[in-house]
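Q: We have chain L; now place chain H onto it with these hints.
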Amino acid sequence: MLNIWAIMMVILLVVVTIGISLYARSFNSNTANFYLAGRKIGFMTNSTAICGDYFSAASFLGVAGAVYASGVDGMWYAIGFGAAFVPVVLFLASPLRKFGEYTIPDFLFARFGKSHKARVIGVIMVQLICIFYLAPQMVGAGSTWDVLVGVGFLGMTPYETGVVATVVVMMFYVALGGMKGTTLNQMIQFWVLFTAMFLVFALVLFNGVGNYASQNQPLTNASTVTVGKLMEGEEGKRVYDKAKATMSPEAFAAVDAAVQKGDPNASVNVVLPQANKLHADRTMVMQEPGHRYDWLNQFSMVLALVLGTMGLPHIMNRYYTNPSGKVARLTTLWVLAFVAFFYIMSSVVGLGGRRFIPELAGMDPTTAALTVDGLLLKSDQILPVMGKLLFGEFGLGYVAAGAFAAMFSTVGGLLIASAASWGHDIYENYVNPNAPEWKKVLVGKVAVIAMSLFSLLVGLGIPAIGLDKAYPSLIAMMVTWAFAVSGGAFVPMLLSSIWWKKTTRNGAIAGMIVGGGGSIFFIMMNILKETGVFAAGSFGATLGSLTFPSIFIVPLSFLTIYVVSITDKNKMPVYVNNIWARIHGSDKLSERIRMQMKEAEQRG
Amino acid sequence: MSQMEIATQKSQKHRGTQEDASLTTQFVTDAELEKVNASFSAQRRLSFSFGIYFFLITLIIPFLSGTSEWWYGTPLIFGLTLNFWTTLLLFHVLYWLLAFVFVKRANRLEDELSDL
Numbered sequence: 012m013l014n015i016w017a018i019m020m021v022i023l024l025v026v027v028t029i030g031i032s033l034y035a036r037s038f039n040s041n042t043a044n045f046y047l048a049g050r051k052i053g054f055m056t057n058s059t060a061i062c063g064d065y066f067s068a069a070s071f072l073g074v075a076g077a078v079y080a081s082g083v084d085g086m087w088y089a090i091g092f093g094a095a096f097v098p099v100v101l102f103l104a105s106p107l108r109k110f111g112e113y114t115i116p117d118f119l120f121a122r123f124g125k126s127h128k129a130r131v132i133g134v135i136m137v138q139l140i141c142i143f144y145l146a147p148q149m150v151g152a153g154s155t156w157d158v159l160v161g162v163g164f165l166g167m168t169p170y171e172t173g174v175v176a177t178v179v180v181m182m183f184y185v186a187l188g189g190m191k192g193t194t195l196n197q198m199i200q201f202w203v204l205f206t207a208m209f210l211v212f213a214l215v216l217f218n219g220v221g222n223y224a225s226q227n228q229p230l231t232n233a234s235t236v237t238v239g240k241l242m243e244g245e246e247g248k249r250v251y252d253k254a255k256a257t258m259s260p261e262a263f264a265a266v267d268a269a270v271q272k273g274d275p276n277a278s279v280n281v282v283l284p285q286a287n288k289l290h291a292d293r294t295m296v297m298q299e300p301g302h303r304y305d306w307l308n309q310f311s312m313v314l315a316l317v318l319g320t321m322g323l324p325h326i327m328n329r330y331y332t333n334p335s336g337k338v339a340r341l342t343t344l345w346v347l348a349f350v351a352f353f354y355i356m357s358s359v360v361g362l363g364g365r366r367f368i369p370e371l372a373g374m375d376p377t378t379a380a381l382t383v384d385g386l387l388l389k390s391d392q393i394l395p396v397m398g399k400l401l402f403g404e405f406g407l408g409y410v411a412a413g414a415f416a417a418m419f420s421t422v423g424g425l426l427i428a429s430a431a432s433w434g435h436d437i438y439e440n441y442v443n444p445n446a447p448e449w450k451k452v453l454v455g456k457v458a459v460i461a462m463s464l465f466s467l468l469v470g471l472g473i474p475a476i477g478l479d480k481a482y483p484s485l486i487a488m489m490v491t492w493a494f495a496v497s498g499g500a501f502v503p504m505l506l507s508s509i510w511w512k513k514t515t516r517n518g519a520i521a522g523m524i525v526g527g528g529g530s531i532f533f534i535m536m537n538i539l540k541e542t543g544v545f546a547a548g549s550f551g552a553t554l555g556s557l558t559f560p561s562i563f564i565v566p567l568s569f570l571t572i573y574v575v576s577i578t579d580k581n582k583m584p585v586y587v588n589n590i591w592a593r594i595h596g597s598d599k600l601s602e603r604i605r606m607q608m609k610e611a612e613q614r615g
Numbered sequence: 003m004s005q006m007e008i009a010t011q012k013s014q015k016h017r018g019t020q021e022d023a024s025l026t027t028q029f030v031t032d033a034e035l036e037k038v039n040a041s042f043s044a045q046r047r048l049s050f051s052f053g054i055y056f057f058l059i060t061l062i063i064p065f066l067s068g069t070s071e072w073w074y075g076t077p078l079i080f081g082l083t084l085n086f087w088t089t090l091l092l093f094h095v096l097y098w099l100l101a102f103v104f105v106k107r108a109n110r111l112e113d114e115l116s117d118l
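Chains L and H are the protein sequences, given in the same order. Add 11 to a position in the first sequence, counting from 1, and you land on the number used in the numbering used here. Add 2 to a position in the second sequence, counting from 1, and you land on the number used in the numbering used here.
Just chain L, with the same shape it has in the complex:
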């Protein structure tokens, strides 16, 4: 799928990104500017930058793909991502900004009487979440390069080239541009990905979405199976028989030809009717739920996404860059509007794919090669394919630029959050508290480079350990893991610390360990189950069957915080009133007390 428009537009995006970073370089004279852009980001800039942070490759390519493959259950995914900013505005946006620190670990340190233990555990959790979230971005970078550019350089495969190119660009632009440059870049990257989505959405609406959903045709999807698997079971009930009944005779001829050759390990592409996991007796159709999730997972998936967003450090750090608590709320309102429109567009594109790909794929040999009997083999390719079918090579190029913009902006946000945690929370506080400003900024930049190189290793290592084969939708799955860890580690802690005065340091620490540690434990169990380490039916496999642990882990973390806090024998310390006024007072009062506490600390 080598496309000159795609390469040109991605190069243009990289050039603009680097240009902005060079322009923003002069703003990074001190750490407040490097990490928080001087706390002077207005609501429109910040809301678009938050969206840029939030819309990763999984959102840009994955949601439309999920709707195309699963219908209503795919849209349920969009609801989880879209609704997530409602609890942010209800519970966190304004209090976090008013508190006025740099990072979540900073919040922990100050909220719990300068607790070093709480801060260090916070740093560990931030790093874990960043790694969990960076990993799918790296896989997305490699896969997107593979699909949209299709060539490797310097002896690397296209996948490796995509990972390396993304890391090099990110390392350069975040280290050079700091938060100011990253914010400006994220704003531009947001508009690139948003307009790319709008282009395809408008073309689908203009040409008509089609009536695949309303006609209640049985939902079918393309997949790859081995000939051995195809012929398993008694005649009439084999996968072979289902495929024969579903596919057109012309398309099925290729399947028959592979069967005739007799190699049981040979792979064949088939189209199969899908099962309904929610109502087993009903035919699975596009407009009914049940393709992806059973009843428990319908609840737990949406809770994982909704709660997980509240704990994502690269999103929450952005709230510290607002000038005031009120602006933080207004910012979230705009974010919600952009997010809602974006996911509505994604869903419409996914639905339109069911009409246009069968109709138009045959006219383009490159696209035809990606399909089986008019259905895409990899649903994540829906957006670039639709861009190409409806707007030619330019459409594909624009979508390619949008996909890279989505990755750049999310990785940029994660790198700056991770660097802030190492550089500010650890170096400035424990390693060299008296370091001059230039040295603190330098350490932040070194942290960006170190984390970038680590991401490179993660990106290259995932296919090497075979994780991509264990999970068919690896990017979406890994993003959900990141949401589960952030939801477990930070959400109960943040909500309790902000809204329950009696939360103690030990309660918060215990909650983070139970929530973050518990989520990671269940994710690891799931990986061991899916990679075949645990035998089917074993205790380990049972533990590993929980795809979205948040539904149990988040309440457990809340309970832990409550029990530990009420059994803590420490009386409520004096400073809690100061903290309370900082979180829940006016912006003016919050700032005054923050300064008074700082002055008292310096006098002491």
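Source of the hints: derived by calculation from the structure; they are not laboratory data. Hints should not be assumed to be uniformly reliable.
Claimed, not checked - Derived coverage of chain L by chain H (criterion: at least 3 residues anywhere in the stretch with Cβ under 8 Å from a Cβ of chain H; other residues may be distant):
1. 89-96
2. 593-599
As the list claims (entries may be wrong) - Here are the simulated DSSO-like pairs of lysine-lysine, each with C-alpha atoms no more than 30 Å apart in a straight line:
3. L:Lys125 x L:Lys480
4. L:Lys253 x L:Lys288
5. L:Lys128 x L:Lys451
6. H:Lys106 x L:Lys512
7. L:Lys480 x L:Lys128
8. L:Lys513 x L:Lys451
9. L:Lys580 x L:Lys512
10. L:Lys599 x H:Lys106
11. H:Lys106 x L:Lys513
Note that the Cβ used here is the ideal one computed from N, Cα and C, for glycine as well.
A: Using the frame of chain L, we list chain H on its own:
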């Protein structure tokens, strides 16, 4: 007497942390604290009541998806079910409206603290 001086007079020593005045001094006056607490209670009531609406609205969808055929299996408009239209469109609009009303009310509450 300035607010800072009043606050400093309320300095209280706490056993074991005498060395750090930022932890042992109350910088907020009782009057200010009373106002903050009143605002906090109102804000908490507002946030949590909207939070309950939010989670009820969100979780009712999977509940109806599992239990009510009129919701997930009966075509309503243009041959599409209520479940379909809600997840495609209505939910996003509803969430934004919920947040909009909340922000208006929360900002009004915060304005009552403007003299602090």
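Q: What hints, given by number in increasing order, does this structure fail?
A: Hints 3, 7, 8 are the ones this structure does not satisfy, whereas the remaining hints hold.
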